[in-house]
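As you go down the protein sequences, you meet chains A and B in turn. Its first residue numbered 1, the first sequence is counted upward by one per residue in our numbering. Its first residue numbered 1, the second sequence is counted upward by one per residue in our numbering.
Hints listed in this document are in silico derivations from the structure and should not be mistaken for laboratory results. A quick note: this is a predicted structure, and the numbers were derived from the prediction, not measured. Any given hint could be a false lead.
[Stated by the list, open to error] List time: in silico DSBU-like cross-link candidates among lysine-lysine, alpha-carbon distance up to 35 Å:
| hint | chain 1 | residue 1 | chain 2 | residue 2 |
| --- | --- | --- | --- | --- |
| 1 | B | Lys228 | A | Lys329 |
| 2 | B | Lys232 | A | Lys2 |
| 3 | B | Lys87 | B | Lys206 |
| 4 | A | Lys228 | B | Lys2 |
| 5 | B | Lys232 | B | Lys206 |
| 6 | A | Lys46 | A | Lys156 |
| 7 | A | Lys228 | B | Lys3 |
| 8 | B | Lys329 | A | Lys232 |
| 9 | B | Lys232 | A | Lys327 |
| 10 | A | Lys232 | B | Lys327 |
| 11 | A | Lys46 | B | Lys46 |
| 12 | A | Lys232 | B | Lys232 |
| 13 | A | Lys3 | B | Lys3 |
| 14 | B | Lys228 | A | Lys3 |
| 15 | B | Lys232 | A | Lys228 |
| 16 | A | Lys329 | B | Lys232 |
| 17 | A | Lys87 | B | Lys232 |
| 18 | B | Lys228 | A | Lys87 |
| 19 | B | Lys232 | A | Lys309 |
| 20 | B | Lys228 | A | Lys327 |
| 21 | B | Lys87 | A | Lys46 |
| 22 | A | Lys327 | A | Lys363 |
| 23 | B | Lys309 | A | Lys232 |
| 24 | A | Lys87 | B | Lys329 |
| 25 | B | Lys327 | A | Lys2 |
| 26 | A | Lys46 | B | Lys206 |
| 27 | A | Lys232 | B | Lys2 |
| 28 | A | Lys309 | B | Lys228 |
Protein chains: 2
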Amino acid sequence: MKKRHLLAPGPTPVLPDALLAMARPILYHRGPEYEALLGRVRDGLKFLFQTKHEVLLFTSSGTGGMEGTVVNTLSPGDRALVIRSGKFGERWGEICEAYGLQPQYIDVEWGRAVDPDTVAAALAADPAIKVVFATHTESSTGVLHPIEAIARIVGKTPAILVVDAIMSLGVADLPMDAWGVDVVVGGSQKGLMIPPGLAFCAVSDKAWAMVQQSRLPKFYFNFLAERKSLEKNQNTFTPAVSLVMALHESLAAVRAEGLAALFARHDRLARATRAAVRALGLELFADPPTPALTAVAAPPGIEAGAIVKTMRTAHGITISGGQAQLKGKIFRLAHLGYADESDVVLCLAALERTLTDLGYPIKLGEGVRAVQEVLSQAG
Amino acid sequence: MKKRHLLAPGPTPVLPDALLAMARPILYHRGPEYEALLGRVRDGLKFLFQTKHEVLLFTSSGTGGMEGTVVNTLSPGDRALVIRSGKFGERWGEICEAYGLQPQYIDVEWGRAVDPDTVAAALAADPAIKVVFATHTESSTGVLHPIEAIARIVGKTPAILVVDAIMSLGVADLPMDAWGVDVVVGGSQKGLMIPPGLAFCAVSDKAWAMVQQSRLPKFYFNFLAERKSLEKNQNTFTPAVSLVMALHESLAAVRAEGLAALFARHDRLARATRAAVRALGLELFADPPTPALTAVAAPPGIEAGAIVKTMRTAHGITISGGQAQLKGKIFRLAHLGYADESDVVLCLAALERTLTDLGYPIKLGEGVRAVQEVLSQAG
Chain A
1 MKKRHLLAPG
11 PTPVLPDALL
21 AMARPILYHR
31 GPEYEALLGR
41 VRDGLKFLFQ
51 TKHEVLLFTS
61 SGTGGMEGTV
71 VNTLSPGDRA
81 LVIRSGKFGE
91 RWGEICEAYG
101 LQPQYIDVEW
111 GRAVDPDTVA
121 AALAADPAIK
131 VVFATHTESS
141 TGVLHPIEAI
151 ARIVGKTPAI
161 LVVDAIMSLG
171 VADLPMDAWG
181 VDVVVGGSQK
191 GLMIPPGLAF
201 CAVSDKAWAM
211 VQQSRLPKFY
221 FNFLAERKSL
231 EKNQNTFTPA
241 VSLVMALHES
251 LAAVRAEGLA
261 ALFARHDRLA
271 RATRAAVRAL
281 GLELFADPPT
291 PALTAVAAPP
301 GIEAGAIVKT
311 MRTAHGITIS
321 GGQAQLKGKI
331 FRLAHLGYAD
341 ESDVVLCLAA
351 LERTLTDLGY
361 PIKLGEGVRA
371 VQEVLSQAG
Chain B
1 MKKRHLLAPG
11 PTPVLPDALL
21 AMARPILYHR
31 GPEYEALLGR
41 VRDGLKFLFQ
51 TKHEVLLFTS
61 SGTGGMEGTV
71 VNTLSPGDRA
81 LVIRSGKFGE
91 RWGEICEAYG
101 LQPQYIDVEW
111 GRAVDPDTVA
121 AALAADPAIK
131 VVFATHTESS
141 TGVLHPIEAI
151 ARIVGKTPAI
161 LVVDAIMSLG
171 VADLPMDAWG
181 VDVVVGGSQK
191 GLMIPPGLAF
201 CAVSDKAWAM
211 VQQSRLPKFY
221 FNFLAERKSL
231 EKNQNTFTPA
241 VSLVMALHES
251 LAAVRAEGLA
261 ALFARHDRLA
271 RATRAAVRAL
281 GLELFADPPT
291 PALTAVAAPP
301 GIEAGAIVKT
311 MRTAHGITIS
321 GGQAQLKGKI
331 FRLAHLGYAD
341 ESDVVLCLAA
351 LERTLTDLGY
361 PIKLGEGVRA
371 VQEVLSQAG
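Chain A on its own, in the form it takes in the complex (with noise of 0.2 Å):
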């Protein structure tokens, strides 16, 4: 017998509470009781979005969220300024060239973060963009990227500043009202603790004026017609309905741990898992790093995947490879969502008995024991 532990940067394991809601009958969508548990699930967004305006929900992988983003505020011919530094920040690209938009880039090498000033100099550059799109946690490196200099920069200019929050949503501090974003876009199946397919796109005043003018084609991910429907809180399209039941409740348990004692959390669980890395000689691959995952740079003659197969198969843990360019040279270790400290001690105890399994030399005990000295201090 070997329990299994799901450790990789989503879905992240589902909060109890959530799983039992989804075991209880469907609801109606066009019924009373569904249309009070939305108007809950309304109020929760934004206290977890940190915003006043209205949380927009739909029916789809984050990806969809992304997509919507893009097709609800430019129109055909728009300059738009995406920041490339992994995987996800080349979606926001691909996305826009898919709808015939061509997209200025701003390339940072992957596992570093966007310098600001690259930004302000594109925007002075070319004053028509007008939709600056970025990202907070960049999953495929692990980096966190500095959105409140970001916004504070392009708050200054006409156009919005868009933020796929995807990854780092409930994870890592990101005051959408406070800093000025002015589209954040959210998944369920990370911060939130809950299964994937459902997305979340909060939209401030600003863009939602752009989204009036917007002329690209759109059905399914129609902000307008959403907003509307929300306001009696229905859904234009039928809504995985048990999602929003589990929602409803990983909301209510991030509004009882409290958003400060949140943040604290994913920091300290992160804090603990790179210092046991360095404690085990192993390099770390992203600077600076998102509280969310640690990526690791595979020790020289170890083949990333061998990891991550080595973990799983031999110690019933589920991390993550390197994806793309990074394939093979990364592994990566997630500590978000419901995740607490017991998952860091055996996350590392079991990438301790990896390295021996595949050779490594490292002391036992070495990582754990730094784990324990982080959290010791953080109590």
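Start from chain A and add chain B according to the hints.
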């Protein structure tokens, strides 16, 4: 204490085995267990769609599958033919128009089926038509359209036939390959007895050839990308994993019951419901009716909304009213998905009580007696 019964045309009650599957620890969508599960789901979907072709799977409502079909088969300026006989036929046209297409329409009186000869005439008059968009069960009116006859006509032309079978997949027979239907769109929350959140698109070779040429913009709903992913038992974007786990159970139940028994059960429940409605002196709205649901004209002097409300508040039964121009004029009793004889009995018993509550003269017991007679003959 009053038990609640969901007899609206979707979502239908969820199969208990599917509820239990969703409560299991969630699977990582890039791991071997999910890939094995998805492999079995792909087989099960082909069985249900009665096709040898791949059935694509998207995390969205059924409408997402409809939009996906439009943007993956057509190009700017293409000619299309839309059969409109209710809210969901209209939706095909709305999606086409959202993408700048100007389809030709065949308008059919709501509550009646399209005459296949009008499709033949439209195709003869405009040989440039590339896609014919039809609806199997028009949920808003309760009509079942003659897809077999339409497929025979379209099959003789270069055009493809696309059918919205969201309401009738696993309810009314639609042998895709035998009839020569080119794209069949389905959803998870109807005959499949699981929560909403998954859309399915089965695609014929003739349709794939058109997909290869299609130049409408697309990203999230990309047929070629999803087919490529599915061939490796993966999804392009993070799928609604818990719903796919539920689908796995539902497809097993479908296979265990067998398609012939599945269609016979729905036919029996529909005939019993229609007999009871007539026995109560009420008028059936749809001709010919679908086995998925029974649309009933509200009797003179009674607003359909009052029937829906009294059924819910006084008798615990959730049914649906009319949509759009039929609001207030009809109510809809569903008998699809996880529904059996006892559901029809309790629905008609509650309808008798409701009509009596509202002062409409009926003889208590006459509806249920008609149900019993049909079920007893069928047995």
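Evaluation of the provided hints:
no., hint, verdict
1, B:Lys228 x A:Lys329, "holds, 25 Å"
2, B:Lys232 x A:Lys2, "holds, 27 Å"
3, B:Lys87 x B:Lys206, "holds, 28 Å"
4, A:Lys228 x B:Lys2, "holds, 34 Å"
5, B:Lys232 x B:Lys206, "holds, 23 Å"
6, A:Lys46 x A:Lys156, "holds, 25 Å"
7, A:Lys228 x B:Lys3, "holds, 33 Å"
8, B:Lys329 x A:Lys232, "holds, 23 Å"
9, B:Lys232 x A:Lys327, "holds, 17 Å"
10, A:Lys232 x B:Lys327, "holds, 17 Å"
11, A:Lys46 x B:Lys46, "violated, 42 Å"
12, A:Lys232 x B:Lys232, "violated, 42 Å"
13, A:Lys3 x B:Lys3, "violated, 38 Å"
14, B:Lys228 x A:Lys3, "holds, 33 Å"
15, B:Lys232 x A:Lys228, "violated, 40 Å"
16, A:Lys329 x B:Lys232, "holds, 23 Å"
17, A:Lys87 x B:Lys232, "holds, 20 Å"
18, B:Lys228 x A:Lys87, "holds, 19 Å"
19, B:Lys232 x A:Lys309, "holds, 18 Å"
20, B:Lys228 x A:Lys327, "holds, 20 Å"
21, B:Lys87 x A:Lys46, "holds, 33 Å"
22, A:Lys327 x A:Lys363, "holds, 27 Å"
23, B:Lys309 x A:Lys232, "holds, 18 Å"
24, A:Lys87 x B:Lys329, "violated, 52 Å"
25, B:Lys327 x A:Lys2, "violated, 56 Å"
26, A:Lys46 x B:Lys206, "violated, 47 Å"
27, A:Lys232 x B:Lys2, "holds, 27 Å"
28, A:Lys309 x B:Lys228, "holds, 24 Å"
Violated hints, in rising order: 11, 12, 13, 15, 24, 25 and 26; the structure is consistent with all others.
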